[in-house]
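2 protein chains.
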Amino acid sequence: FPKTEVLFFPDETVACKAYFTDDYGCKNPNCRFSHEENSLSKLFTYLMSARTSIEICVFVITCSDLAELLIKSHKKGVVVRVVTDNEQVDVPGSQIWKLRKAGIPVRIDNSSFFMHHKFAIIDQEHLINGSFNWTQNAITGNQENILITNNENIVLPFISEFEKLWLKFDPN
Amino acid sequence: FPKTEVLFFPDETVACKAYFTDDYGCKNPNCRFSHEENSLSKLFTYLMSARTSIEICVFVITCSDLAELLIKSHKKGVVVRVVTDNEQVDVPGSQIWKLRKAGIPVRIDNSSFFMHHKFAIIDQEHLINGSFNWTQNAITGNQENILITNNENIVLPFISEFEKLWLKFDPN
Ligand SMILES: [Zn+2]
Ligand SMILES: [Zn+2]
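Protein sequence lines correspond, in order, to chains C and E.
Adding 2 to a residue's 1-based position in the first sequence gives its number in our numbering.
Adding 2 to a residue's 1-based position in the second sequence gives its number in our numbering.
Derived by calculation from the structure, the hints in this document are not laboratory data.
Check before you lean on any hint, since a few could be wrong.
Heads up, the list lumps identical chains together, so a pair's fine if it works in one copy or across two of them.
Straight-line alpha carbon distances no greater than 27 Å define the calculated DSSO-like cross-link-like pairs of lysine-lysine that follow [unchecked claim]:
(1) Lys100 / Lys78
(2) Lys100 / Lys166
(3) Lys44 / Lys170
(4) Lys74 / Lys44
(5) Lys166 / Lys77
(6) Lys166 / Lys5
(7) Lys170 / Lys29
(8) Lys5 / Lys19
(9) Lys103 / Lys5
(10) Lys5 / Lys100
(11) Lys29 / Lys166
Please read all numbers here as calculations on a predicted model, not as lab measurements.
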């Protein structure tokens, strides 16, 4: 993996999740999604590179493709944890209940303020961070950015922030 | 300046703009703002370090302290340019008209999608980027992050992105 990579959105097309993440690729001869590398396909690849853990701290998660990759990782034995915002849990298309049903623990900010982060940590090594919420509009509509880095000076503070919020939003 | 620095919000108190940015500091003996360094005071300091240029590409700008620092820089001869989102130009407290009145050029995304970036570039050298919109809630309420870096592999793509959007949103 590169030490740092910057991705911008919108992508012109939607990356094919099967092509970039399934062991046997895309089997649909009439697939309407993109088989060319783009920002979303790179995000897919980074997420699927996780071997041990994924921590997610994202304001809105409505993109089913990204949620399904988390579930796939969880089923492979990767420890997945999610922190999100209460104002966004029940928006149309929210993936939070699907994640919980699959057994992924999700903790929720219950304040009137926003848990506004949009970051993920892969294997305690790579940070994915930027303006990008995990929504369909962020992929193909909005101007958005994601920075991916394994610079410890950047990654370690985000690991601490995740653990702080994980405890803060413990419902017990 | 450090090569990279990560700031988290919310701050517990609001940094005193005068104390951290005025030549003679804060003259108010009853000042109710904070004179201790925190995330916002560091953001103030980075912004005021600009000698030649500040490019801003931020979804929402409602924080008057931050807008006033841009105007102060503009008056000192720093070239300030702003890109923002049309859905946010007229929200309560929007600082866009104040910036334009002061002579700072502002270009506005006129699509139904969001110009959702939240970054600034100082002297073509330092990038400020994260989840942080320039609002009061982002300072004292929300969970937010800002990454500051002078890593060229990160800064240069953001400079290109700014120039791309600057042309894209040219009204002429
Ligand atoms: Zn396909
Ligand atoms: Zn003061």
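Outcome of the hint check:
1. For a Cα distance limit of 27 Å, the shortest separation of Lys100 from Lys78 inside one copy, 17 Å, qualifies, whereas the shortest one across copies, 53 Å, does not.
2. For the homomeric pair Lys100 and Lys166, the shortest alpha-carbon distance inside one copy (25 Å) is at most 27 Å, but the shortest distance between copies (38 Å) is not.
3. Taking CA atoms no more than 27 Å apart as the test, Lys44 paired with Lys170 passes between copies only; the shortest distance there is 25 Å, against 32 Å inside one copy.
4. In this homomeric assembly, Lys74 and Lys44 come within 27 Å of each other (Cα to Cα) only inside a single copy, at 17 Å, whereas the closest approach across copies is 40 Å.
5. For a Cα distance limit of 27 Å, the shortest separation of Lys166 from Lys77 inside one copy, 26 Å, qualifies, whereas the shortest one across copies, 41 Å, does not.
6. In the homo-oligomer, the alpha carbons of Lys166 and Lys5 lie at most 27 Å apart both inside one protomer (26 Å) and across protomers (25 Å), since each shortest distance falls under that limit.
7. Taking the shortest alpha-carbon separations for Lys170 and Lys29, neither the intra-copy value of 44 Å nor the inter-copy value of 38 Å comes in at or below 27 Å.
8. With identical chains, the CA atoms of Lys5 and Lys19 are at most 27 Å apart within one copy only, with a shortest distance of 24 Å there and 36 Å across copies.
9. In the homo-oligomer, the alpha carbons of Lys103 and Lys5 never lie at most 27 Å apart, since the shortest distance is 35 Å inside one protomer and 42 Å across protomers.
10. Taking the shortest Cα distances, Lys5 and Lys100 never come within 27 Å of each other, neither inside one copy (33 Å) nor across copies (40 Å).
11. Neither within a single protomer nor between protomers do Lys29 and Lys166 lie at most 27 Å apart by alpha-carbon distance, with minima of 43 Å and 37 Å respectively.
This entry does not satisfy hints 7, 9, 10 and 11, going by the numbered hints stated previously.
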